[in-house]
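Peer 1: Taking the hints into account, I'd like the entire structure generated from these sequences.
51 is the number that this note's numbering gives to position 51 of the sequence shown; each next residue is one higher, with no gaps.
Check before you lean on any hint, since a few could be wrong.
Ranges between beta-carbon positions, derived for each pair [as the list claims (entries may be wrong)]: (1) 161 x 69: 22 to 28 Å; (2) 124 x 265: 58 to 64 Å; (3) 312 x 185: 39 to 45 Å; (4) 173 x 225: 17 to 23 Å; (5) 302 x 243: 26 to 32 Å.
Just so you know, the hints here were simulated from the structure itself, not pulled from any lab data.
A virtual CB, placed ideally from N, CA and C, is assigned to each residue, including glycine.
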Amino acid sequence: MATLDLIGSSPKFRAVLSDVDRIAPVDSAVLIQGETGTGKEVIARAIHEASPRRKHRFVALNCAAIPSALLESELFGHERGAFTGACAQTKGRFQMADGGTLFLDEIGDMPLELQPKLLRVLQEREFERLGSAQTVRINVRVVAATNQDLGQLVTKKLFRADLFYRLNVIPICLPPLRERVQDILPLTEFFVAKFAASFNKPIDSIPDEVVAVLKAHDWPGNIRELQNFIERAVLFSPGSVLRLPLDLKQMVKQSSESVSGTLADADREHILETLKQTDWLIGGQGGAADRLGLPRTTLIYKMRKLGIEIRRSTRARPIRRLAEQCRAAASC
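Peer 2: In structure tokens, the structure reads:
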């Protein structure tokens with residue numbers, strides 16, 4: 001399932017895509033859990049597009065963005081005169097999504113008093129509009145999402161246990177971006193191409209040091225934060241090379257220090273391990289420099305820079321051993 005919105009090859013993200021392929025053909029309810037900005041709606045749309053329902057509508061509703069007093073009308077619709085300002089009969093999101101998929105984002109923020117009505121729709125596939133006694137039957141698949149721990153909300157009696165179990169038929173957990181480090185570069189390339197085209201700016205190069213900074217940052221806002229960051233970077237880059245915005249200098253400094261420290265530590269450990277394997281023989285055939293593919297002088301420079309003390313190897317090179325034998329014979 002390769003689309004422009006589903007970018008990544010990390011094991012955890014591939015596992016999510018495998019789940020999407022497996023569950024798309026069925027009608028069971030899905031609960032997508034993950035931190036803010038991990039792409040829960042993108043995954044919900046992917047489920048819809050891979051399902052037999054793709055010819056019908058995908059309707060999304062953010063439960064946290066609608067005032068509690070209006071949320072019931074948004075979900076189920078209302079009749080004319082059902083409340084002040086109801087001038088005409090209006091369809092709700094369930095009826096709009098008939099035959100397709102209804103995505104309920106931030107389901108953890110749904111008011112307790114409305115949860116039994118949602119439970120009834122999920123179980124019976126029917127409801128009544130506000131101000132009407134007529135039952136409306138629908139055929140809708142519900143995909144819900146939250147960045148909260150619904151299990152904890154159930155324990156605190158802030159969310160109905162029966163509704164939680166009804167929504168959690170198929171759980172999907174989206175990994176945060178910090179657990180998908182190898183996906184940062186392809187995501188960055190996608191966003192750079194997107195915003196370069198939008199701003200009519202030819203950005204054709206992403207320096208290694210910029211990539212290193214992006215990979216070192218922990219991205220608490222996940223993909224949404226990365227997208228906003230790249231949008232700003234493209235906008236303020238003066239030429240065709242991606243540059244980091246000046247107002248994020250502190251983040252760059254901290255990330256760069258982290259990257260430098262991590263790379264230096266890894267380099268030091270690798271060199272030390274190679275030196276131990278060669279019994280601290282630096283040059284010559286089979287020496288550490290030979291194994292590392294470096295000139296002897298370059299390895300010595302690196303060792304001094306990384307604070308690795310040069311030791312004398314107990315494995316003398318053959319020419320040195322021959323010279324020592326000749327000197328010993330001459331002295332006899």
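Peer 1: Next, verify each hint and record whether it holds.
Peer 2: We went through each hint and held it up to the structure:
no.: 1; hint: 161 x 69: 22 to 28 Å; in the structure: 25 Å, holds
no.: 2; hint: 124 x 265: 58 to 64 Å; in the structure: 60 Å, holds
no.: 3; hint: 312 x 185: 39 to 45 Å; in the structure: 44 Å, holds
no.: 4; hint: 173 x 225: 17 to 23 Å; in the structure: 19 Å, holds
no.: 5; hint: 302 x 243: 26 to 32 Å; in the structure: 29 Å, holds
No hint from the list above goes unmet by this structure.
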